[in-house]
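Undergrad: Sequence:
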Amino acid sequence: MPKTESNSIELGTKAADFLLPDAQGVLHRLGDFDAKPALLVAFISNRCPFVVLIREQLAAFAREYAGKGLQVVAINANDHEAHPEETLARIGEE
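Note that the sequence shown covers residues 1 to 94 in the working numbering.
Honestly, the hints are just simulated from the structure, not real lab data. There may be inaccurate statements among the hints.
Calculated lysine-lysine pairs in the BS3-like style (CA-CA distance at most 30 Å, straight line) [as the list claims (entries may be wrong)]: (1) 36 <-> 68; (2) 3 <-> 14; (3) 68 <-> 3; (4) 14 <-> 36.
Here are the computed distance ranges between Cβ atoms for each label pair [as the list claims (entries may be wrong)]: (5) 3 <-> 31: 17 to 25 Å; (6) 3 <-> 26: 16 to 24 Å; (7) 22 <-> 68: 29 to 37 Å; (8) 40 <-> 5: 17 to 25 Å; (9) 25 <-> 47: 31 to 39 Å; (10) 3 <-> 29: 28 to 36 Å.
Just so it is clear, CB atoms sit at the ideal spot from N, CA and C, and this is done for glycine as well.
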């Protein structure tokens, strides 16, 4: 995997609001997740071999901790126009 530079942010920095569709096309904002005390946002790529290896464990983790107040959101960072196999409908099947 090639080295990718990351932008560091200070711990405790408030997350920027977003408006993104889920696999069914329903739009969600960051504020939609305020009902629970914790939110884990994972930036993933369905084409990444590391994500492919951990996605079932990530889903199991999300299910296990949902009852403890954790919500998990996975944001696919890929461009579905450049990679048609990454459309929302296809991702929803997985």
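Undergrad: With reference to the structure, classify each hint as holding or not holding.
TA: Hint by hint, here is what the structure shows:
1. This hinted pair checks out: residue 36 and residue 68 have alpha carbons roughly 9 Å apart, not beyond 30 Å.
2. Taking the CA atoms of residue 3 and residue 14, the gap is near 26 Å; set against the 30 Å cutoff, the hint holds.
3. Note on residue 68 and residue 3: the hinted pairing is violated, with a Cα-Cα distance of about 35 Å set against a maximum of 30 Å.
4. The hinted pair formed by residue 14 and residue 36 meets the criterion: a straight-line CA distance of about 16 Å does not exceed 30 Å.
5. Under the hint 17 to 25 Å, the C-beta atoms of residue 3 and residue 31, about 34 Å apart, miss the expected range.
6. A C-beta distance of roughly 36 Å is found between residue 3 and residue 26, which places it outside the suggested range of 16 to 24 Å.
7. Between residue 22 and residue 68 the beta carbon distance is about 22 Å. The supplied range of 29 to 37 Å is therefore violated.
8. At roughly 23 Å, the beta carbons of residue 40 and residue 5 sit within the given window of 17 to 25 Å.
9. The hinted range of 31 to 39 Å is not satisfied by residue 25 and residue 47, whose Cβ atoms lie roughly 21 Å apart.
10. A hinted range of 28 to 36 Å for the beta carbons of residue 3 and residue 29 is consistent with their spacing of about 33 Å.
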